[in-house]
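Visitor: Residue numbering for the sequence shown follows the working numbering, beginning at -5 and increasing consecutively.
Watch out, some of these pointers could steer you wrong.
[Claimed, not checked] Straight-line Cα separation of at most 30 Å, DSSO-like style, residue types lysine-lysine; simulated pairs:
| no. | residue 1 | residue 2 |
| --- | --- | --- |
| 1 | 15 | 155 |
| 2 | 223 | 15 |
| 3 | 153 | 223 |
| 4 | 274 | 189 |
[Stated by the list, open to error] Pair ranges (Cβ atoms, derived):
| no. | residue 1 | residue 2 | range |
| --- | --- | --- | --- |
| 5 | 281 | 75 | 29 to 37 Å |
| 6 | 247 | 206 | 25 to 33 Å |
| 7 | 132 | 75 | 22 to 30 Å |
| 8 | 209 | 281 | 33 to 41 Å |
| 9 | 29 | 281 | 16 to 24 Å |
| 10 | -3 | 169 | 33 to 41 Å |
| 11 | 80 | 286 | 24 to 32 Å |
| 12 | 128 | 169 | 15 to 23 Å |
| 13 | 135 | 212 | 40 to 48 Å |
| 14 | 285 | 169 | 47 to 55 Å |
| 15 | 248 | 147 | 24 to 32 Å |
| 16 | 121 | 229 | 26 to 34 Å |
Hints are computed from structural coordinates only; laboratory data are not their basis.
Keep in mind the model is a prediction, meaning the values are calculated, not measured.
We treat Cβ as the ideally placed atom computed from N, Cα and C, and that holds for glycine.
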Amino acid sequence: MPNRVLVRSDNGNHILISAYKAYYPDSASGERAFFEHKHAELEISSIVSGRGIYTCGKTAHPFCPGDIFLHRGNDNHYISHICAGEALSLIALRFDPRFIWSSGGQWFDSRYLKIFMTPDLLSRSISHEEPAARVIQALLEEIFQECQDHHPSYELLVKAKLLTILANAARHFHDQLEGSPDSVANLARLPQIEKSMDYILSHLGEPLALDLLAREAAMSRSQYSSLFKLFNGVSVWDYVTHQRMNLAQYQLEYYDYPITRISENCGYNNIANFNRTFKKTTGKTPREYRCWARQASKQP
-5 MPNRVLVRSD
5 NGNHILISAY
15 KAYYPDSASG
25 ERAFFEHKHA
35 ELEISSIVSG
45 RGIYTCGKTA
55 HPFCPGDIFL
65 HRGNDNHYIS
75 HICAGEALSL
85 IALRFDPRFI
95 WSSGGQWFDS
105 RYLKIFMTPD
115 LLSRSISHEE
125 PAARVIQALL
135 EEIFQECQDH
145 HPSYELLVKA
155 KLLTILANAA
165 RHFHDQLEGS
175 PDSVANLARL
185 PQIEKSMDYI
195 LSHLGEPLAL
205 DLLAREAAMS
215 RSQYSSLFKL
225 FNGVSVWDYV
235 THQRMNLAQY
245 QLEYYDYPIT
255 RISENCGYNN
265 IANFNRTFKK
275 TTGKTPREYR
285 CWARQASKQP
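Sequences and hints are given; from them, build the entire structure.
Guide: Below you can see the structure in the form of C-alpha cells.
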C-alpha cells in the first residue's frame, strides 16, 4: 500500500506508528453518510488540500488546507462533507502512546500526551493560521518520508519529529490544559504497565482477564485500570481488542491461514464474535479485508 507506511515492533505484529496519505476524488464531494471510524491509537492529521467538514465526536469542524486535527483513542471521526470542486487530500499519523513513553523512566514528560488525555479539551483542531499548524504539517510530511525511505535509524528520527509535534501542540494548547503533570509516583509505575502490555501482546490468543493483567503489573484492579488508561488513553479491554484486530489484519494480509485459525490466534473461540468485532473495527469482513489488502499491495 504505497500511501500507508508502518513502524512495527520487533516481532512484526504490533504497530507502533502508522502514517498515511488519503486522497478523495472530486466525485466524493457533498454530504457523506455517517461512518463509525475510531481506533485505539492517537492520531494527528493535517489537511493538505480541499475544504469541507470534519466531524469529531458530535462536533462538526469546517476545515481548509493547513488545518490540524487531534484525535484521542476511540474517538469517532470522519469527513462528513467535501466541498464541490475541491480535491481533498490529507496526511495522518496514528501512534501508540507507548511509542512515546516506553522505557521513558525519568525522561518521560507527561505533557507530551496531556492534550490527548484531557477529556474536556476545548478544541480538537489547530487553525492553519497558527504558527504551530505550519510546523506540524511539515513534520508530518517528514515523518511519512522517513517511514517510506527506511534509512538507518529512521525510527529515532521519527520519534524525535513526533516529540517535536507534540511539544508544539502542547505549547499551542498550554492555556487549555488543566492540572499539574502526573506525579512522580505514577510515572514510576510505567515499567509495570509496560510489563503487562508485553504480556498482552505475547498472549493475544489466550484469555486476558483484568485480574491476570493487574497481577502481572503487581497492582490492584482499580489502580491498574486507572493508570493503564492514563498512559494509553483507552481502557485495558479496548486496547486488548484493538491489538487482537491488528494481529488479525496482519495475518489476513501476510498468511494463508483459514479465517477460523486466525480467529483462534486472536483469542476468539466463536467465529461469529470474531467476524462481528472485525467488521466493526475495519468496516470489512475478514474475507473482504484479505481480498482488499492483497489487491492494494499489488498496486504500483
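Visitor: All the hints need checking, so say for each whether the structure fits it.
Guide: Here's how the hints hold up against the structure:
For the hint pairing residue 15 with residue 155, the CA-to-CA distance comes to about 18 Å; that is within 30 Å, so the pair holds. Proposed proximity of residue 223 and residue 15 is supported: the alpha carbons are some 29 Å apart, at most 30 Å. A distance of roughly 22 Å separates the Cα atoms of residue 153 and residue 223; the hinted pair therefore holds under the 30 Å criterion. Restraint check for residue 274 and residue 189: the C-alpha separation of about 29 Å stays at or below 30 Å, so the hint holds.
Here the CB-CB span from residue 281 to residue 75 is close to 32 Å, well matched to the stated 29 to 37 Å. In this structure the hint that residue 247 and residue 206 lie 25 to 33 Å apart at CB holds, the actual value being about 30 Å. A beta carbon spacing of about 27 Å between residue 132 and residue 75 agrees with the range 22 to 30 Å that was offered as a hint. A C-beta distance of roughly 38 Å is found between residue 209 and residue 281, which places it inside the suggested range of 33 to 41 Å.
Taking 16 to 24 Å as the suggested C-beta distance range, the pair residue 29 and residue 281 conforms, at roughly 20 Å. Distance hint check for residue -3 and residue 169: the Cβ-Cβ separation is about 36 Å, which falls inside the suggested range of 33 to 41 Å. One distance hint, 24 to 32 Å for the beta-carbon pair residue 80 and residue 286, holds here, with the actual separation near 26 Å. For the pair residue 128 and residue 169, the beta carbons lie near 20 Å from each other, so the given range of 15 to 23 Å is met.
At about 42 Å, the beta-carbon gap between residue 135 and residue 212 stays in the expected band of 40 to 48 Å. As the Cβ distance of residue 285 to residue 169 is approximately 49 Å, the hint placing it in 47 to 55 Å holds. Residue 248 and residue 147 have their C-beta atoms about 25 Å apart, which keeps the hinted 24 to 32 Å range intact. Distance hint check: the CB atoms of residue 121 and residue 229 are about 32 Å apart, consistent with the given range 26 to 34 Å.
Every hint from the earlier list agrees with this structure, and none is contradicted.
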